[in-house]
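Chemist: What follows is the residue order along each chain.
There are 2 protein chains.
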Amino acid sequence: MNGNATWIWYPGDFEIRLHEKMSVQRRARGVMYPAYWRLDRHYSNIQFRYTYDLEREERIAIAAEGTFSLFLDGKDNCRSNETQFTLPAGRHEITVSVFNDAEAPALYIDGPTVRTDSSWEVTSYQYEWKNAGSWTFDDPACPPSRFRLSTTPLEPVGQERIDGFPLLDFGRETFGYLRFHNVTGSGAIRVYYGESRAEALSPDECMSLDRFEAADAAARSDNGIYTLAEAKAFRYAWIHADAGVRWDEVTMLYEFVPVAYRSSFECSDPKLNRIYDMSLYTLHLNTREFFLDGIKRDRWVWSGDAYQAFLMNYYSFFDLDVTRRTLIALRGKDPLTRHFNTILDYSLYWFISLYDYYLYTGDFEFIRQYYDRAVGLMEFVLKQRNEEGLLEGRPQDWVFVDWADFQNTGAVSAIQILLVRSLEAMRLFAGRLGDEEAAASYGAMADEIKETTFRLFWDDARGGLLHHRVDGETKPTLTKHASMFALTYGYLSSEQRRSVIDNVMLDPGVPRIRTPYMRFHELAALCESGKHDVVRGELLSYWGGMIELGATTFWEEYDPALADDEHYGMYGVAFGKSLCHAWGAGPIYLLGKYFLGVVPTSPGYETYRVAPNLGGLSRMKGTLPLGRGRISLEMDLSSIRIESTAGMGTLAIASAEPPACDAGEVRAAGDGHYEVTIEPGRNYCISYRSAL
Amino acid sequence: MNGNATWIWYPGDFEIRLHEKMSVQRRARGVMYPAYWRLDRHYSNIQFRYTYDLEREERIAIAAEGTFSLFLDGKDNCRSNETQFTLPAGRHEITVSVFNDAEAPALYIDGPTVRTDSSWEVTSYQYEWKNAGSWTFDDPACPPSRFRLSTTPLEPVGQERIDGFPLLDFGRETFGYLRFHNVTGSGAIRVYYGESRAEALSPDECMSLDRFEAADAAARSDNGIYTLAEAKAFRYAWIHADAGVRWDEVTMLYEFVPVAYRSSFECSDPKLNRIYDMSLYTLHLNTREFFLDGIKRDRWVWSGDAYQAFLMNYYSFFDLDVTRRTLIALRGKDPLTRHFNTILDYSLYWFISLYDYYLYTGDFEFIRQYYDRAVGLMEFVLKQRNEEGLLEGRPQDWVFVDWADFQNTGAVSAIQILLVRSLEAMRLFAGRLGDEEAAASYGAMADEIKETTFRLFWDDARGGLLHHRVDGETKPTLTKHASMFALTYGYLSSEQRRSVIDNVMLDPGVPRIRTPYMRFHELAALCESGKHDVVRGELLSYWGGMIELGATTFWEEYDPALADDEHYGMYGVAFGKSLCHAWGAGPIYLLGKYFLGVVPTSPGYETYRVAPNLGGLSRMKGTLPLGRGRISLEMDLSSIRIESTAGMGTLAIASAEPPACDAGEVRAAGDGHYEVTIEPGRNYCISYRSAL
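Taken in sequence, the protein lines are chains A and B. For the first sequence, the UniProt record's numbering begins at 1 and goes up steadily by one. For the second sequence, the UniProt record's numbering begins at 1 and goes up steadily by one.
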């Protein structure tokens with residue numbers, strides 16, 4: 001054992017407990033609005049074990065979150081709860097019971113050689129011994145439950161008086177705790193928060209508000225500063241106080257995960273550059289204890305939203321801690337009775353997210369640790385196959401697919417495509433674990449369901465996958481969803497692919513996708529189809545449209561047809577719309593994956609492909625994470641410069657004439673396409689001629 | 001709605017949360033020794049609903065354990081967390097979210113007509129709406145988590161000085177909190193508790209101890225009294241204090257459930273009377289938040305122990321609250337991964353306990369409320385049937401049956417008998433619920449397994465059921481267990497019955513049952529066989545033997561061959577034995593059910609049978625609960641007097657000549673047996689002549 005001692009716990013329980021707390025942070029005008037699914041809970045009663053072999057006795061220090069008792073060699077009547085213990089020399093097994101019904105039980109033992117880390121095992125007394133969960137917590141005085149995000153003070157950038165009350169403007173959407181400095185006098189202070197100015201100025205309709213007594217604030221102040229207990233999402237705060245209440249100033253404590261901004265994108269279109277940067281900030285605000293859907297609303301962890309946030313994250317912060325926490329929290333505990341967030345598709349996105357996690361990070365240890373939970377979830381999912389072998393929703397399931405005017409009764413084709421992808425993920429994991437039988441079984445099921453889906457849903461005349469099949473009859477509805485997922489996941493023949501692009505994706509006769517949620521996948525599919533120029537146009541109009549309306553982060557939804565403050569309403573609630581929504585940050589992914597064009601081709605970017613595409617721009621440059629490494633790329637209509645620090649890359653370019661490269665061989669790949677191998681640590685400069 | 005408002009919660013969660021807390025109360029010399037099974041937890045996030053129809057608006061008061069928000073008619077963006085709310089007139093649905101991660105979320109609403117009770121529904125967001133759990137908590141200021149047992153002060157009956165330190169004697173085994181009055185001075189106080197005098201006088205080996213500082217005690221005193229935080233099981237306390245520490249006196253706060261002693265037994269043998277009374281006290285001490293195995297050790301809820309305590313309770317306190325709490329806590333929550341208390345047989349005893357609950361109480365509402373949990377458990381159990389249809393332990397299961405020198409590998413016959421009885425219980429419940437299909441299926445399985453068991457295990461030559469069958473081969477071991485359960489449950493033909501009595505129960509060649517746990521069932525089976533005289537002898541020697549050694553409550557185990565303090569040891573620990581063990585109170589059941597002879601013949605004693613048997617005594621009299629009613633009975637060798645307050649009874653007596661009855665007709669039942677119908681509210685006096 002070499003590293004520092006770290007706090008350890010039952011694997012997943014730190015995350016599951018944190019998720020429980022975070023899932024009740026949403027407020028509707030000051031009143032709790034908890035997530036409407038079962039919140040899973042940590043095991044309160046667990047036991048750790050570890051076998052050591054010491055040449056001489058050794059003194060260890062023990063800290064626990066909860067009540068603990070330690071004993072050696074199974075002698076459980078001879079227990080110690082002292083914080084120091086002398087381990088006898090020789091080979092012995094330490095067992096430590098820890099009980100904690102408030103926070104996840106955790107243990108920290110530090111000795112000259114015996115120290116807690118993830119090589120210790122733990123059980124919840126269900127005949128399982130698992131490697132303990134652990135993270136970066138290595139301070140015995142700071143146990144896991146104390147985990148908080150980082151904070152930093154921020155000041156408002158503007159202040160005006162409206163109806164005699166100060167309206168503070170923090171310049172852009174933000175998240176954190178308002179702070180009152182040196183409050184005096186007596187009476188109440190009421191704060192009306194707004195993601196928009198209009199919201200803050202609507203005391204009767206704003207979603208977030210606070211109310212407190214000046215005297216309480218003064219009493220609870222620390223160095224004259226009263227920091228409000230609950231963090232809020234806002235840009236504006238309108239502060240009403242009773243006469244006689246005074247303060248020096250109001251500032252805030254911005255709360256955030258200290259991610260590294262590991263990507264950049266800068267191009268010939270300044271508007272696109274602003275969209276990119278605002279996307280990064282939008283994603284960052286939603287990158288918290290978990291990836292949230294939106295920081296004002298719902299402040300919940302949704303699997304379908306997280307699936308997209310994960311992908312954006314791989315092209316920006318590459319923060320794996322938030323990713324792992326989110327994956328663990330979504331899976332929760334058994335028994336599985338409902339699907340993730342009550343939605344059938346959301347269980348499936350979890351498998352695909354796990355697949356992506358492995359592809360982008362190469363971290364198979366995480367997969368290994370939670371593989372049994374994946375197996376359990378897949379068992380649960382597969383129970384819902386109908387007699388044709390297709391996955392259907394149960395009465396209690398929400399089969400979501402998208403907010404749109406279609407029925408999701410019976411077997412929905414998009415669900416089958418997601419299931420196939422999920423089974424492929426399971427095949428991969430089982431294979432990596434050496435369980436060839438399981439791998440073959442998952443693979444056979446994937447193949448069978450894919451075949452059935454194409455046989456029953458593919459419509460030759462209309463050139464795409466029909467939407468659903470009820471009671472053995474495929475309905476004539478054509479939607480884009482199944483076809484575009486099939487395209488993205490590579491399930492189409494080249495002929496089907498062409499048909500889907502022309503007859504489904506680009507045919508105005510097929511119902512338009514209106515939600516930003518599903519447009520993420522649609523725009524990705526269009527890029528997969530080489531329609532970068534179309535996508536660039538969409539980015540400029542849709543995301544650009546929000547910026548023109550004054551957005552500082554991207555919204556949950558945007559409809560250019562609405563007027564003024566109508567933009568802020570949703571679900572019949574005047575300021576119900578989230579103005580900082582993770583899925584609004586999709587340009588990070590689209591510009592990173594499809595314009596800069598970097599995609600791992602083996603887990604953890606051991607190999608990768610870079611196929612930059614200007615998509616109508618005259619130049620662009622950018623940086624992206626390659627796992628722990630980095631790639632920088634600069635491109636205009638005649639040259640490409642590339643530099644990377646990790647992995648073996650294959651640059652793929654289309655050129656109207658054979659390109660030249662100063663540092664590597666250019667290989668013709670046919671049909672005007674060329675490839676160059678990119679080795680880490682070298683600079684490549686390629687001259688080519690844009691095929692456009 | 002008529003009754004008072006009561007606190008409501010998710011059904012079972014009050015009990016499950018209480019069980020979680022109680023399962024970590026055991027101490028090994030002051031150090032936590034938690035139960036070694038998964039402790040289930042309450043749902044933290046739940047929602048209540050209730051539909052009302054009011055002619056005029058009504059003001060309600062709302063109290064919650066946890067954070068709540070209330071809204072009407074599904075408008076969940078318009079929530080209130082005020083403690084007063086005006087319900088509009090008309091028909092509306094109230095929904096209340098309650099979150100509580102510390103204690104089971106609970107709700108209390110009181111209005112002129114709208115009030116919380118078990119007609120409200122609740123969900124844990126798993127697509128289930130269940131009737132809320134509730135009990136007697138009707139004070140908004142006293143929420144369910146404040147539930148504590150009753151207490152009353154007790155003084156020691158004796159005190160002596162040993163080595164200069166006071167040894168207190170409370171006269172008999174007790175349970176509660178030691179109290180120090182007017183502690184002064186500084187220094188430490190150490191308390192060594194003993195269920196026996198020897199234990200208290202062994203500071204280095206006693207199981208229970210306390211240590212505190214005099215100054216702390218003084219600071220924490222209330223009206224000069226410092227009550228220790230943790231309750232202990234003890235009779236003696238030896239108190240060591242540092243020089244200079246003083247106090248006025250040491251007393252205790254006895255903690256108990258205020259049960260009614262609804263049974264009595266008094267007979268011609270004073271020793272048996274003492275055994276009966278001491279049994280009642282032993283059971284009472286173990287009748288707590290739940291039925292415990294023992295109050296010093298393990299202080300846990302074991303299903304096999306509880307099965308016996310339930311039966312004793314029906315013949316004494318008839319306390320259904322503790323019974324229901326215990327049944328709920330044992331079942332816990334899904335997923336079922338291990339058997340109750342890790343023991344296969346203990347899952348089965350739960351069904352049989354549920355069956356007994358219904359038989360003795362007639363309370364089908366309780367069965368209805370938890371039926372789905374019974375179904376789930378049975379599904380879990382039935383998955384373990386082998387290819388012959390017999391139930392086998394999995395590698396992680398403890399197949400207990402009894403502490404004895406036999407192997408429980410393969411299919412154990414006693415387990416099959418318990419399974420048959422369990423399936424019969426499920427058949428009954430399903431039938432009562434109108435699910436004829438399920439009833440038929442359970443019934444068919446019960447019949448099939450019974451048939452298979454007798455076919456594969458019954459040995460004609462040896463006249464009983466062999467012990468187990470491994471890999472398709474029945475092993476030659478003969479034990480009493482399966483045969484005696486089969487006898488008690490009525491599964492034997494009269495010929496098999498005779499054979500079991502002679503060739504198994506009374507044959508000294510069959511290994512003796514040595515544990516008091518299984519002797520409970522053995523002695524019951526002997527009574528079922530009419531061997532009351534043998535049983536009376538056992539009571540006097542085994543239980544009487546403990547009394548002769550100074551017992552004030554009955555022990556976990558008693559071996560007359562041991563010398564002196566050896567009696568107190570167990571599991572290699574000097575004072576490891578529990579001297580107050582619920583299963584030691586078996587005489588309550590044996591004397592009530594088989595000597596006084598009262599047994600319900602339909603649920604809730606609507607009809608019952610009373611077949612008194614002096615078993616060698618010259619006279620006896622006693623009282624027993626008949627559900628809410630009561631029966632009193634007095635008998636000697638020539639007369640029987642009976643009076644009851646409920647139910648229709650059938651008195652069954654053996655008499656050497658036709659009996660005479662002053663108040664009812666005597667019917668001949670053949671073979672020297674006679675019957676008299678006992679109606680409530682009448683006195684019966686029967687003269688007969690003992691057949692002995």
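Think of the hints as simulated: they come from the structure by calculation, not from any bench. Careful, some of the hints might be misleading.
Pairs involving identical chains hold if they fit within one copy or between any two copies, as the list cannot separate such chains.
Listed next, the in silico EDC-like pairs over lysine to aspartate or glutamate satisfying Cα-Cα at most 20 Å (straight line) [claimed, not checked]:
#1 130 to 397
#2 333 to 128
#3 593 to 538
#4 75 to 204
#5 21 to 671
#6 621 to 216
#7 531 to 636
#8 75 to 138
#9 383 to 334
#10 593 to 471
#11 531 to 564
#12 75 to 205
#13 450 to 379
#14 271 to 372
#15 271 to 379
#16 333 to 495
#17 21 to 128
#18 593 to 266
Chemist: A separate judgement is required for each hint: does it hold in the structure or not?
Modeler: Hint check:
no.	hint	in the structure
1	130 to 397	between (32 Å within a copy, 19 Å between copies)
2	333 to 128	both (15 Å within a copy, 18 Å between copies)
3	593 to 538	within (16 Å within a copy, 83 Å between copies)
4	75 to 204	between (64 Å within a copy, 17 Å between copies)
5	21 to 671	neither (56 Å within a copy, 72 Å between copies)
6	621 to 216	neither (53 Å within a copy, 70 Å between copies)
7	531 to 636	within (18 Å within a copy, 103 Å between copies)
8	75 to 138	neither (29 Å within a copy, 46 Å between copies)
9	383 to 334	both (15 Å within a copy, 18 Å between copies)
10	593 to 471	neither (40 Å within a copy, 60 Å between copies)
11	531 to 564	neither (32 Å within a copy, 92 Å between copies)
12	75 to 205	between (63 Å within a copy, 15 Å between copies)
13	450 to 379	within (18 Å within a copy, 33 Å between copies)
14	271 to 372	neither (46 Å within a copy, 60 Å between copies)
15	271 to 379	neither (47 Å within a copy, 62 Å between copies)
16	333 to 495	neither (43 Å within a copy, 53 Å between copies)
17	21 to 128	neither (27 Å within a copy, 23 Å between copies)
18	593 to 266	within (14 Å within a copy, 89 Å between copies)
The structure fails to meet hints 5, 6, 8, 10, 11, 14, 15, 16 and 17 from the earlier list, while all remaining hints are met.
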